[in-house]
Amino acid sequence: MAQVDGFLVPFGPVAEAQRTELIWTTAITMIAILPVLVGTPLILWWFRRGNTKATYRPQWHFDTKLEILMWGGPTLIIIALSIWLTQAVFRLDPYREIDAEMAQGMNFEITGAPVAIEVVGLDWKWLFIYPEEGIASVGEMVIPVGRPATMRLTTDTVMQSFMAPGLAGQIYTMAGMVTRLQMIAERPGTTVGENTQYNGTGFPAQRAPVRAVPPEDYARWLDNARDAPALDAETYAVLAHSGDVAKAREDLDRPGDGPLVFSLADPRLFDRIVARYRRGEPVEPEAQPGSPLYRPDRAPLPEVSR
Amino acid sequence: MIDLFGRLEWQELKLLEFFHDPSIDTAVASGAAWMTVVAAIAVIAWITWARRWAWLWNDWLTSVDHKKIGIMYMVIGFVMMARGVFEGVVMRAHQTTALDGGVLSNEHWAELFSTHGTVMIFFVAMPFITGFMNYLIPLQIGARDMAFPVLNQISLGLTATGAALTMISLVVGAFETGGWTAYPPFTGADFDPGPGPDYWVWAIALSGFGSMFSGLNFAVTIYKMRAPGMHFLRMPVFTWTALCTSILLVFALPPLTVACLMQALDRLAGFHFFTNDLGGNMMNYANLFWMFGHPEVYILVLPAYGIFSELTSMFAAKRLYGYTSLVIATMSISVISFCVWLHHFFTMGNSATINAAFGIATGIIAIPTGVKVYVWMATLWGGRIRFTAPMVYMTGFFILFVIGGLSGIILANPAINWQVHNTQFIVAHFHNVLLPGLIFGIFAGVHIWFPKAFGFRLDERAGKITAWLWIVGFCFTFLPLYFLGLMGYPRRSAAFDNPEFLPYMIVCMLGALMLMAAFAGLFVTLWVSIRKRDELAVPLGDPWDGRTLEWATSAPPPPWNFAMIPHIGERDAFAREKADGRPYVTPEYYEDVHLPPNTSAGLIAMVATTAFGFAMTWWIWWLAVASVLGFILWYVVHSFREHPEVTIPAVEVERHHAAWVEAATLNEGVTRDDETNSRNRGRAATDMVVAS
Amino acid sequence: MSDQQTNMHPGLNLGYVGGGKHEESKVFGFWVFLMSDLVTFGLVFAIFGTMRNATAGGPGAHEVTELRSIAIQTGLLLLSSFAFSWASLAMKYEAGRWRFLIWFSVAATSGLGFLIFELLDFHHLIEIGAVPQRSGYLSAFWSLVGLHGLHVAGGLLWIGVLTLQILKFGLTDTIKSRITRLGLYWHFLDIVWIGIFSLVFLAGVA
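Chains as they are written, first to last, in UniProt numbering: chain A, 1 to 306; chain B, 1 to 692; chain C, 1 to 206.
No lab work stands behind these hints: they were computed from the structure. Idealized CB from N, CA, C, for every residue including glycine. Don't take every hint at face value.
[To be verified] Short, incomplete list of chain A residues facing chain B, as computed with Cβ under 7 angstroms:
| hint | residue |
| --- | --- |
| 1 | 33 |
| 2 | 71 |
| 3 | 74 |
| 4 | 75 |
| 5 | 90 |
| 6 | 110 |
| 7 | 171 |
[Claimed, not checked] Here are some chain C residues the structure puts well away from chain A; computed CB gaps all over 10 angstroms:
| hint | residue |
| --- | --- |
| 8 | 28 |
| 9 | 57 |
| 10 | 61 |
| 11 | 86 |
| 12 | 89 |
| 13 | 96 |
| 14 | 116 |
| 15 | 121 |
| 16 | 122 |
| 17 | 127 |
| 18 | 156 |
| 19 | 157 |
| 20 | 161 |
| 21 | 185 |
| 22 | 194 |
Just chain A, same shape as in the assembly (with noise of 0.2 angstroms):
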């Protein structure tokens, strides 16, 4: 896989204000650390028994102005940090789409209308689907330069947690349950859709590249993606059975490596998986991919009205 350095080789404006964030969180904490850093060697060397030059204090206890400075010092740095933290968490809220107005405060651009993508998360590879273009990716994710990724994010088995760190940070998915996540690249890079929440033997293996491409690569992409087999509730069956994408290729009889490409059967296919999990019937073991149990054939999908 290509160079992957996290977030702090980010190519997206989300990752780089939460690199911002972080040297300037280090940086203003360290105006209360420093101190403890330089001053305890010091004061342990010079007021060593063997000094007979330093003064011994043994009742010397308290001092109005130092506990001023003890408590007041930190206290100004948490509340400047907090003002500071507060403003980020708003700006960078996974759930605020990124539109003009953040792009405006941000300063970066915003060339083109946003792009869905419905992830959910299997054991051990991740599914992106992309309803407004009819098609659907295991492995890999794709966006192109400067058009906003708007996220919807779930699971068809346990807990997982879906990053992409230079682009944006984590979100939980949770099955029944639909979480949110935005990104946007600036300029084209690579990065890893990955994992980080345990959910089994195939964990390590849970990492998908998200490439951000020029919009003629990205139509491209999406051309391929169109003309191969279809994504429908049937082969999707045998997709979310455990394993990686390998196994998928081999389940699926679609011999070759590297990630795969679908053109999607049925655009409300990720409301249908969330939709497993709602029907106030039990979903038993058989029917729960990520399950050792699980049967592709006692699983079907449940109809969603629109």
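Could you slot chains B and C onto chain A? The hints should help.
Showing chains B and C alone in chain A's frame:
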């Protein structure tokens, strides 16, 4: 027909795994199982050979003396720590081979990080702090025992149950694989029907009851049994931290118990608290777990702060700076620690307002923590510092703990947290606060109070080398993980695909070896010290020129601690007596001392609950029912019996006390220059000049 | 020490046992335990609160609430607490062991009655398919009500054991102290029941 063994079958025995399917992986698994069994047999054999059963039974297992119970907690802690450290080293070894693979199977790797975390938090850190509180609280407040000595023993029994169940899981079946947090639904019956999560649930729930009762016991002891004159603001700082920890234990353990029992109902009875379907909601588990989990961090670290407070003033030979500030800071930390739990899952899709609120609350808790560090620095200022082994730990703690504090502040910012949550950054952070913050404090404390408990000091040189090994080993092992985390390497991952990570892994491995050497160093120190025990003996009980009441007893103290309950006139009572030149007084008269009799309640509790936990794990229902009924029945019958107290006649108290006072008076005492040589017999010629 | 020491538990009317200091510690310790237990109940309440709508299409509050039975249970439990108070007074004013035991057994009987009605309710719930395995809501419902029921059952066992002890030893100081703690426990369960009664049943059907 009753199913005698539930779902337990012969192939669950890990001992045989290697012979069925030889590989490095099964060799490690079977090896660990054999080690456990052989070690258990060896200990039993040794006790039998040395004819120590009666001694073990009468003097230790059935004793309700808080000092002995405290020491037994420490023994549990060290035994379990051997396992935890070893697992850590195996994991680090695996990681050096984990570029696109690794020597261990992923399943086994998961079991390792899960048991390592569980063991280190619940069966190393918890017994350590409980042990210290047990040993020190009554001595520091001038009491003869805990408020509820029998309950104290039962708490010990329940802690032992948890430890025993995790050890049994090495031999029979397997432990869970979802980490020490054991998040469902991964640990739910749908995804892991095996015995692993059940072991976890029962080990944690049962030992959790023990911890809750310990907290209750300590709190009541401190509230009700202080010597006359010891106002709250005259208590030693360690006792203050112990009080706050006890209150936290009472209120923070219920969420854990509730989470465990709900998880058990989900798994055993098909309930839907945390399942994917039928309205289950795993977010409730995360909330419950961390409502316990965050106060737990402070449960562990507050007593260590107490130890650091005692030792700075002791080895700087001066009064503690800012006592009131420390007390206020400790109290604030305990209260705020209940208001920050959500920062463990900023990534769960909470609203921005909630994330910001909990981020700020987390920042606020750093204020009193920072104050504490400054207070300790001010305590060193103007002192005459002796650089003994505990001070080495203290130095390591100072420097490293603030780095942990920095990473804590970084994590408190949700915007950054979204990037480093669940990565190696977190692993680095909590090792950074728990190892220097808690474990260094414990080891420094062991060095300080070991002479009190056993009558001889620990060898200074070996102790210092060990301390440096801990510090350097820590830096090598855990600081690189910060960078791996920033580069996006998730925690709990058995393998990685980025070759750049490999050098970091190798550095970590070197560090892990140093930590293993450091752990061995503890036992080397002990061994050396036992061999030189005559030279290191400090029977007069005050080797460090101590300030608080526990130093005003012989080493080891008599079972009744104090010949007469002291009257306290001010803080640091013993230091004042020494400065005034009137320590070691003979009371005007002696009285009979009444002590609670030995009991086997704790052992009964341990046997019954271990049987229960094992039965619930393996679905051996008859045993579960029998153990519960047996325990209740025993307890009911027990409550009908009279339990006459053991009376120590006044003459006996007098004989012991007079002999000690006489020896102390005859010894002219050593100055601090002779603190670490054989002239130190435990009588301090004090440095401290008290301005009156 | 002198005999001047104040009796720290006037309500207990203990004989001279070191000023009742140790007994007072025990009662205080029991209060601490109750606080911890209250946190436990509080958490189960909270979980119930988050799961109120997690019925998953199964039976909800209206189906599981049988107000008539709940009213009877509430009455019985209140009666039980009331009787216990009379028992405590009988103990305090040394009205004799039998007067005490009569009130004590009234408390026990009505507590037992409560439990029987609760079990009948549970039986009914099983009949209509409102089992805890049906939904998150029902899991939380059964756990909360069942946890309280288990506490009551434990209290009944405690009453039984203490009755035997009173018959064997009489109302000694040790036993008086035990009765005091049992009383705290018993009234505490009443308070928890008021919570369940209003938040689970009344609010459920309101």
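* chain B contact restraint for residue 90 of chain A - C-beta distance below 7 angstroms -> holds, 5 angstroms
* Asked: Was residue 185 of chain C rightly flagged as not at the interface, with every chain A Cβ beyond 10 angstroms?
  -> Given a closest Cβ separation of 38 angstroms, the condition holds.
* Asked: Given residue 74 of chain A was flagged as interface, is its beta-carbon under 7 angstroms from a beta-carbon of chain B?
  -> With Cβ-Cβ at 4 angstroms, under 7 angstroms, it holds.
* residue 28 of chain C and chain A, when compared Cβ to Cβ, separated by more than 10 angstroms -> It holds; residue 28 of chain C is separated from chain A by about 33 angstroms at its closest Cβ, greater than 10 angstroms.
* To do: Beyond 10 angstroms from every chain A Cβ: check whether that's true for residue 161 of chain C.
  => At roughly 42 angstroms from the nearest Cβ of chain A, residue 161 of chain C sits farther out than 10 angstroms, so the non-interface label holds.
* Asked: How about residue 110 of chain A: closest beta carbon in chain B under 7 angstroms, or not?
  -> Violated, about 21 angstroms.
* Asked: Since residue 57 of chain C was said not to touch the interface, does its Cβ keep a gap of more than 10 angstroms from each Cβ of chain A?
  -> violated, 3 angstroms
* Claimed clearance of chain A by residue 157 of chain C, with the beta carbon kept past 10 angstroms -> holds, 36 angstroms
* Are residue 75 of chain A and chain B close enough, Cβ to Cβ, to be under 7 angstroms, as the hint says? -> Hint on residue 75 of chain A: holds, closest Cβ of chain B at ~6 angstroms, below 7 angstroms.
* Asked: Taking the closest pair, is the beta carbon of residue 194 of chain C still more than 10 angstroms from chain A?
  -> holds, 32 angstroms
* To do: Run the C-beta distances from residue 156 of chain C to all of chain A and say if the shortest one exceeds 10 angstroms.
  => holds, 36 angstroms
* To do: Please confirm whether residue 122 of chain C is truly not at the interface, meaning its C-beta sits more than 10 angstroms away from all C-beta atoms of chain A.
  => For residue 122 of chain C, whose nearest Cβ neighbour in chain A is about 21 angstroms away, the distance exceeds 10 angstroms, so it holds.
Going down the numbered hints, you'll see the structure goes against 6 and 9, while the others check out.
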